[in-house]
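Could you build the full structure based on these sequences and the hints that come with them?
Protein chains: 2
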Amino acid sequence: MDTPQRPLYAPGALAPLLRPRSIAIVGASDRPGSLGARALANLAGYEGAVFPVSERLSEIAGRRCYPRLSALPEAPDCVVLAIPAAAIETVLAECAAAGARAAVVFASGYAELQTAEGLAAQSALSRIAREADMRLVGPNTTGFANLVTGAHCGFAEFPHGYRPSRGAVAIVSQSGAMGLGLSQAAEHGVSISHVLTAGNSADVDVADFLAALAVEPEVRAVALAFEGVASPERLEEAARAVVAAGKPVAAIKLGRSAAGAAAARWHTASDTGDAARWSDLFARCGIVEVTDLGRLIETAAFLAKGADLPRPTAAPAIAILSSSGGMGILAADAATRHGIATPQPSDGTARALAAHLPAFGSPRNPCDATAQATSNPESLVRCADALLADPRFDALVLPWGKAWVSPCFDALSEVAASHGKPLCLVWMSQWLEGPGAVEAERLEQVSVFRSLDGCMAALRARTLRRD
Amino acid sequence: MDTPQRPLYAPGALAPLLRPRSIAIVGASDRPGSLGARALANLAGYEGAVFPVSERLSEIAGRRCYPRLSALPEAPDCVVLAIPAAAIETVLAECAAAGARAAVVFASGYAELQTAEGLAAQSALSRIAREADMRLVGPNTTGFANLVTGAHCGFAEFPHGYRPSRGAVAIVSQSGAMGLGLSQAAEHGVSISHVLTAGNSADVDVADFLAALAVEPEVRAVALAFEGVASPERLEEAARAVVAAGKPVAAIKLGRSAAGAAAARWHTASDTGDAARWSDLFARCGIVEVTDLGRLIETAAFLAKGADLPRPTAAPAIAILSSSGGMGILAADAATRHGIATPQPSDGTARALAAHLPAFGSPRNPCDATAQATSNPESLVRCADALLADPRFDALVLPWGKAWVSPCFDALSEVAASHGKPLCLVWMSQWLEGPGAVEAERLEQVSVFRSLDGCMAALRARTLRRD
Numbered sequence: 039m040d041t042p043q044r045p046l047y048a049p050g051a052l053a054p055l056l057r058p059r060s061i062a063i064v065g066a067s068d069r070p071g072s073l074g075a076r077a078l079a080n081l082a083g084y085e086g087a088v089f090p091v092s093e094r095l096s097e098i099a100g101r102r103c104y105p106r107l108s109a110l111p112e113a114p115d116c117v118v119l120a121i122p123a124a125a126i127e128t129v130l131a132e133c134a135a136a137g138a139r140a141a142v143v144f145a146s147g148y149a150e151l152q153t154a155e156g157l158a159a160q161s162a163l164s165r166i167a168r169e170a171d172m173r174l175v176g177p178n179t180t181g182f183a184n185l186v187t188g189a190h191c192g193f194a195e196f197p198h199g200y201r202p203s204r205g206a207v208a209i210v211s212q213s214g215a216m217g218l219g220l221s222q223a224a225e226h227g228v229s230i231s232h233v234l235t236a237g238n239s240a241d242v243d244v245a246d247f248l249a250a251l252a253v254e255p256e257v258r259a260v261a262l263a264f265e266g267v268a269s270p271e272r273l274e275e276a277a278r279a280v281v282a283a284g285k286p287v288a289a290i291k292l293g294r295s296a297a298g299a300a301a302a303r304w305h306t307a308s309d310t311g312d313a314a315r316w317s318d319l320f321a322r323c324g325i326v327e328v329t330d331l332g333r334l335i336e337t338a339a340f341l342a343k344g345a346d347l348p349r350p351t352a353a354p355a356i357a358i359l360s361s362s363g364g365m366g367i368l369a370a371d372a373a374t375r376h377g378i379a380t381p382q383p384s385d386g387t388a389r390a391l392a393a394h395l396p397a398f399g400s401p402r403n404p405c406d407a408t409a410q411a412t413s414n415p416e417s418l419v420r421c422a423d424a425l426l427a428d429p430r431f432d433a434l435v436l437p438w439g440k441a442w443v444s445p446c447f448d449a450l451s452e453v454a455a456s457h458g459k460p461l462c463l464v465w466m467s468q469w470l471e472g473p474g475a476v477e478a479e480r481l482e483q484v485s486v487f488r489s490l491d492g493c494m495a496a497l498r499a500r501t502l503r504r505d
Numbered sequence: 039m040d041t042p043q044r045p046l047y048a049p050g051a052l053a054p055l056l057r058p059r060s061i062a063i064v065g066a067s068d069r070p071g072s073l074g075a076r077a078l079a080n081l082a083g084y085e086g087a088v089f090p091v092s093e094r095l096s097e098i099a100g101r102r103c104y105p106r107l108s109a110l111p112e113a114p115d116c117v118v119l120a121i122p123a124a125a126i127e128t129v130l131a132e133c134a135a136a137g138a139r140a141a142v143v144f145a146s147g148y149a150e151l152q153t154a155e156g157l158a159a160q161s162a163l164s165r166i167a168r169e170a171d172m173r174l175v176g177p178n179t180t181g182f183a184n185l186v187t188g189a190h191c192g193f194a195e196f197p198h199g200y201r202p203s204r205g206a207v208a209i210v211s212q213s214g215a216m217g218l219g220l221s222q223a224a225e226h227g228v229s230i231s232h233v234l235t236a237g238n239s240a241d242v243d244v245a246d247f248l249a250a251l252a253v254e255p256e257v258r259a260v261a262l263a264f265e266g267v268a269s270p271e272r273l274e275e276a277a278r279a280v281v282a283a284g285k286p287v288a289a290i291k292l293g294r295s296a297a298g299a300a301a302a303r304w305h306t307a308s309d310t311g312d313a314a315r316w317s318d319l320f321a322r323c324g325i326v327e328v329t330d331l332g333r334l335i336e337t338a339a340f341l342a343k344g345a346d347l348p349r350p351t352a353a354p355a356i357a358i359l360s361s362s363g364g365m366g367i368l369a370a371d372a373a374t375r376h377g378i379a380t381p382q383p384s385d386g387t388a389r390a391l392a393a394h395l396p397a398f399g400s401p402r403n404p405c406d407a408t409a410q411a412t413s414n415p416e417s418l419v420r421c422a423d424a425l426l427a428d429p430r431f432d433a434l435v436l437p438w439g440k441a442w443v444s445p446c447f448d449a450l451s452e453v454a455a456s457h458g459k460p461l462c463l464v465w466m467s468q469w470l471e472g473p474g475a476v477e478a479e480r481l482e483q484v485s486v487f488r489s490l491d492g493c494m495a496a497l498r499a500r501t502l503r504r505d
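Taken in sequence, the protein lines are chains Y and R. Per my numbering, the first sequence starts with residue 39, numbered consecutively. Per my numbering, the second sequence starts with residue 39, numbered consecutively.
Take the hints with a grain of salt, since some may be wrong.
Stated by the list, open to error - Some residues of chain Y that are not near chain R, with every Cβ distance over 10 Å (derived):
| hint | residue |
| --- | --- |
| 1 | Gly83 |
| 2 | Ser96 |
| 3 | Arg204 |
| 4 | Glu477 |
Unchecked claim - Quick list of simulated restraints, FRET-style, between CB atoms:
| hint | chain 1 | residue 1 | chain 2 | residue 2 | range |
| --- | --- | --- | --- | --- | --- |
| 5 | R | Gly458 | Y | Gly458 | 52 to 60 Å |
| 6 | R | Pro429 | Y | Gly83 | 33 to 41 Å |
| 7 | Y | Asp68 | R | Ala99 | 54 to 62 Å |
| 8 | Y | Glu416 | R | Leu95 | 29 to 37 Å |
| 9 | Y | Glu416 | R | Gly86 | 35 to 43 Å |
If you are wondering where the hints come from, they were derived from the structure by calculation, not from laboratory data. The beta-carbon is built from N, C-alpha and C at its ideal position, and this holds for glycine as well.
Written out as structure tokens, the structure reads:
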């Protein structure tokens, strides 16, 4: 853990990590499954210069190898150290000597051992980086990825060739495994721009990564997961900077419990701090806190899609529209649990609804469009339009009972955009990634949740934001 | 809603519904998408006699049609009425005259309208059924399915040809859409035996369906969702019968809030009753209550897989094993939230763990097997074995960070079985149905959850059961 006293790195200081012009890989390998081979393969979509460094090989997969860092044709922006811990200190010094501006260390066996030797070894790495003004990510990290540019300095298995669409979420995580698990939401259509994992944070930590995202244009919101940081003040400063840049943040704090905090000390040698103080800090900065990991990405994606929408200042009132009466009832129950009102529509809205519903539908709130909405999807769009037009409602929640691609999807997104209010589609089918899941997620103005509680918590948190 | 006074139907009384020897479909059709066509197509895998009834057609898809019920070669066990509301009363009387023992009415426009006419129309149907001692499902229902026999008397789109594997969950739901949405969990490997939806419950209600499952051999646990019943006493009797038969029940009660209760009156004319009294009733019967729909099926599947395992009588203590330190920390946090202890392993267990872990792993609880568990899956099995063997732990929770099929899956299931303790694999990857999801769900002795909170709540509920 580096010194808590140093200031937050300016966003530009992390450019050699997030937007490197060149990447060298020490320990580049052709052995399938090795970290060196995986790290090299992960750069397939990167357009900058790649310099594999190998004492043994002259070429890997068509890329020319260099025997050592000092033999590179130019000073590398970022060096990935895919080598055992025993060689790290020497090679990190060589990075500095070669003029590298950043380095990434995968190896474990440092501060997380909680031994004097482990701490001393990590301090030595910090010192080398600090004295060379070279940014260091790790040790004990899987690396990080800018999925916009393809600059993936790590060995985690992101889908090759993945590129985010508009309105992307950046993931910042101390834990590499958690960063990877979260980023796999991309498989059902969530747009992910960065996966920045910090590991032991001997130099760069999650606060620095967070602050750097303020100037990354593709990022619309951030999902943050961490155990502890050297300086809560630095994290607060970073959070304020990124929120002020119009990029909302959802966060999960690991180690809130005594049992979890003890485990965190064994994991990354982090002092997790007092949970209540962290919650206060989040509230001060306008960070939306979640405790269930599964809700982190969907909450961040919701914040991304709603980043430009006006926010109510009091507890919100919502309309509920469903093709299933039962799911409408559950949604009303969930709203109540989260302090969200579900008032009845105005007389005018009720008349508009009645015009689009069958006689056995319910032109109320919750509005039951009945199973007829399946055969007549346009009626669902007209009802959504009527409910969103009613000033009594701040948002529309649409429990989605069956996995299917509705022909009304695009129209729902357009209707939501035209009213400037969130439309939340809650995927109630237990076919969690069945037909329609990706299509719904990709709608520009529709947010997808996989639980009513997650949806209501996000709607509530969005409106209670203090800033 | 039928009279609250009548006794619960004996399980055998529902045999014409759940195990009919023959099914007639009035309104059978060859028009794609029509209810009559969908109901007929849903009987593709049913081995009993099928009698399509159509005034217009002499044959549909190779099946001989009959012009009217009185023309059938034998009295049908069950008649499906896929016809408009206007004709229902007349045809239901014809069902009785033809000697049918059960009928299913899809049509809407009855008690859920909350008009005198709607209530009277529904009462008329109840009376016809009662006087003929003919069981009636509906009106305002999508029907129901026995997926074991293929007897699907409804128009909902279950996967054709689906058959449950061992240890199946039966779904009982008032709402048809909800029953379908829940049953789609079969798409990621959950074994579903029945989807029994009751609609307006003019005669048969969720209590009768629940009781009937006590004698269905393929059912290992029940997932129950309902708004209200005519008689809570009948539901309690049914719940006691099915639980006494060794089939645990997980339930979600719709309309717990005032807003939800009002919506329920508009949906199926149900009086939802007082939420706290329902919770008391569930506790008395040993029903595990959930409030988040997404947790209903995974909780029921967990109860199914653990139906034969001994249950601790005090709050449980669990071991946590993960290949990601961060996810172990989150699991410890979640356990604490649910009043579940995470004690340290015995010295002997810690030594056994250390023998299977790399130096930077953590032979503690949570046990961090590190990313090495990916390249050496056997180490994960050995650690699971050591933790489950330790009498300090009632169960093992395994947060699973990345979507992948581990070669150790079968061995994990065997280890759990050998110790007679639950092993819960919590799918933390946001690739919710990615590689490994189906394979994990199909493990005989491994329960899959998609959130730590859902897992901990189920573990806690299982052990606090009062009976």
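Q: Check each numbered hint from earlier against the structure, then list the numbers of those it violates in ascending order.
A: 6
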